[in-house]
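Now that you have both chains on their own, put them together as the hints suggest.
Chains as they are written, first to last, in this note's numbering: chain Y, 1 to 399; chain G, 1 to 223.
No lab work stands behind these hints, which were simulated from the structure alone.
It should be emphasised that the depicted structure is a prediction, and the values quoted were computed from it without experimental measurement.
The reader is advised that the hints may include incorrect statements.
These stretches of chain Y come out as covered by chain G in the derived footprint (C-beta under 8 Å, 3 or more residues) [stated by the list, open to error]:
1. 6-18
2. 311-325
3. 390-397
Note that CB positions come from ideal geometry on N, CA and C, so glycine has one too.
Here are the chains, one letter per residue:
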Amino acid sequence: MWLCLANILQRKLRAALSVLAVGIGIAMLIVLVSLSRGSIAEVVQRWSSIEAQLWIFPRSVDVITAKGDYIDDRVMEQIRAVKVNDEPIVSQVFGVFKASLQMAGQEQSVWGIDPDELSAVTGKHKIVTGRAFDADRYFKKLVAEKRRGRRDYNPDSISEGELARGLELIIDQRLAEAAGAKTGDTVAMLGKEFRIVGIIQTGVPARVLAPLEVIRCIKGVTRARSTFYFVKIRKGVESVAAQEAIAQALPSLRVERTGAFASILGESVAIAIIIPDVICGISVVVSFLFILLTVYTMVLERTKEIAILRSLGASSGFICRQVVFESLLISIGGIAAGTGLAYAGKAVIESIWPLLTVNIRVQWLGLAMVVGLAGGLLSSQIPAWLAVRTDPLTALNVE
Amino acid sequence: MPKIVFQTSGLLKSFQMGSLEVPVLRGLDLEIREGEFVAIMGPSGCGKSTLLHVLGLMSSASGGEFKAWGQDVGRLSQAKRTQLRRERIAFVFQRFNLLGVLSAWNNVAMALKIRGEHPDHQVSEALEEVGLAEKVRFKPGQLSVGQQQRVAIARALVCKPAVLLADEPTGSLDSENSRTVLRLMRRLHDSRAEQTTILITHNPLIVDCADRVLEMIDGRIKE
Ligand SMILES: Nc1ncnc2c1ncn2[C@@H]1O[C@H](COP(=O)(O)OP(=O)(O)OP(=O)(O)O)[C@@H](O)[C@H]1O
Ligand SMILES: [Mg+2]
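In isolation and in its complexed conformation, chain G is listed as follows (with noise of 0.2 Å):
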């Protein structure tokens, strides 16, 4: 059995309007498998994307138990959770989030110069990989919306982390470039053995790539 990467049992977070304590996530049971390419699903405002960025360490839950690679999250210092994320998890998201100033080339560069690593072929060859060889020079504005996801997918595969967290990657895509995304994204998954790919959309063509995919309703996983 592969190992377990995030494992939560009821898992809390809430979000302070004021003096109004507002739950999204209400006791969320959750366990994902090394290698596992899981698909999560639900409707608008469930707290699909509060829960990966949770799970990505971006921000912290508000009770419940959440351990990732076995270690316990809630214990990690700000400063060692940074790290993890940078060491471990990449994300993808549904607007790109590309740095508008830099070229393609340089926005895959990013982040291996976050991680210290001096970048160099690697970010060719990610580049390459998504089908934009030629477009290395280009900045953002540049390209097209479906190419500058394929650059924020470059951006996150080059680092060849452990997990990697999409948040409605096609959101902003048409149907042509929607597959296009989501096959290239089965392709890189398997293409690295332990990479674990965690995916949240409203995409039916999912079902066809995802090992898994887990319903979420009312900040809950429903089984």
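Okay, chain Y solo, but in the shape it has when bound (with noise of 0.2 Å):
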């Protein structure tokens, strides 16, 4: 098939233009793809770290953002006293108060917890440098007096000073290594000035870590809030049934297993996975139109080429094969140039936005691999029914 081959090489800034454009629509499906699977994939991963099995949140409350009402500490007490088959079930509940924080060129979020529940969403991650945040408990303590057993209690009565102590936070390495930051710097949070205490190995749910009662200080909460709550479940305890049990006892409340989380992920961001497809889609679209343009005119610029090989014997099946021959060595050099780009594309995103993650898997390759070929198939079967329409001895006749 070098006439496909010396065909391409004649005309060869118009092929690569159109590699160049297959090559984008290719590169374009599988950096999307990758990105918007990759990142859920990562947060899902990190989820993992969580050795609590339930999670428990206000059904207002959006699950990306964790934007909506905060949940009464009271609420852990009926938690505790749920039972099935007349046996307590709960062996540990927790809240986490949400905020956030600009790092590294994005929000991030962050959770406030206590620091005796450090370990229980950090799981088998370890502070690699520096210490926990509170590590003496200094500004627990110091709430916990002030409440002195009451619920409320007044934030304004501690002073800049005590505060000061207890603004310390932690974060995971891959931000540390993002936003060039290390223990002993300091970062603002809600109008005040963190300091970094300790870096902790990458794959924990929150890349911050903040002590629970400094964040619910500064926003002015009297009473104990949380935004949402994790429970631990006794031994031998179904977390299934124990989800359901709950989930009777607090209606109000939403309760799901953490290691569900992939899936209500999945439902929550779904539109976050639908828009990048539906760009991808576009893309390829487009970028096989441009195929299809380009062996259109191939054909109609060829008329007579494809009326000598008629005159030599060649059979509608050897025409239509040239022409959709063609169409796929543009695609198959598409694909390649797309994967290329792809790469390179996975480089600059990730050197800009180091927080994202461009999981570049063998299967989105290997979707790309089909999408090109089939659509260097498809889009050369108009030409190709062109191609094999035209007539023979009118094409030899003019010159």
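See the structure below:
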């Protein structure tokens, strides 16, 4: 099939442009799919370090932004009290108070958590430099003292100096690298300067972890409230059974298994997947219109060549194959270029936004290949039909 | 007596020009036998090329009888006609009709590829026979017109066709090149016993080459 190759080489620039157009479409496909799927997979992966089995949050809360109502910590008592077959099922409940800060050019979500509960969300991940926040429990004890067993206290009764001792947080290694931050640095959050006191291995659910009472205090929360809770279940209790029992006892709250986070996230970020997918779809269609146009003009300007092949006894199938083959050559070039561009795109994206995860997996490359070949095949159908239909005699007569 | 290759009686061919029907072949009778070298001469517009296209199964007749190798062509499917053309017929045109993007070698090899044969030494041999052994890598644009026509002849003959149809093969050539090409065609014709050659020309030199010269006027053969 050197005729196709010779023809493509005859019009190098046009072929190169078509290859590039297809390549861009293919690269968009690979990068966007890898980005949307990769980011979700990365978050889900991080959640797997949480040692609690259940996750409880108000129905009004948006899973991604966690914006919504706070829950009164009194609910923790109700959760602890839930029984199955007259047996208590809960071994530990703790709240997380969410906040956010700006780091590495992106909004980072911050989990305010009791220093004594920290290990329940970080799992096996270790602090590699520095130490945990509020390590001597200074601030936790301070707030407990102010409360003196009551549920309310006045955050304003804590002095600036006392608060300053509590302004500590830890970040994960990936964020530290991305932001070029190290222990001892300070970062602004909620109008205060927090000190980074420790760096933890990547893989914890929130990249920034801070002391619960400090966040509440700055936010002026008088009564203990949380954004959501995690529940550890006693040994031997089925998590599904526990989930059902708690959901029944607290109908205003949503109770989910942390293990099912992937699907919860999946349903709530479906739109975040659909949009890139639609963009991919459009870009792929456009790039194949490009192939179609290229191959179509090629057929138009080569009616003579097709007529010659006809006079040599070429069958319709042979003519068709020439056209389809040429189209496939462009597609294959496009797939190769697109794969290269995708890796370049990944490098660029990850250098600009180091916290985005572009996880190019073999299956996405395979998908791009299938889409590329199918597109090449499909877009050659109209030109092929045109080629078969051209009248060889008129084409041979005109010079 | 050699076998009959083409036989027509009362062959009709007309072209539709809008609502007007333009008759070109008007009841043409013809018989061509295997191994013949036949020349067809006649005034411009009398339908010579049209006849050659019908004989070469490139277009179909509008009426009359046409048998090729004893088969009624009117009853053959398009695919069957294409196959017959591929296996038994080769063309040489006035304007060569080479593939401009391919070298001389690849142009000749293309004819074999289309027949599903693997091009090999036959290609070089064919080009050698027409005296172009040194030009195999050249593209048509890099060859003289006489050389281009010889490439076209090599392409036609590489498949060893039963019938060679040539439509004014010397029409674009000067007298020196015309002589060379006509002699070449005769020599190649003689080197293969069963080959039939039908040649359209205005060139008077043909009288020395052809076994038989047919006169065509107004879509008929003059006896
Ligand atoms: N596709 C076509 N549509 C309409 N008329 C056609 C077509 N092809 C040929 N004709 C007409 O048929 C007639 C014969 O054409 P043809 O090409 O067979 O002549 P010719 O004998 O080969 O002439 P020349 O010696 O000039 O090549 C011409 O009048 C031409 O106008
Ligand atoms: Mg003619």
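Q: Identify every previously stated hint that the structure contradicts and give their numbers, smallest first.
A: none
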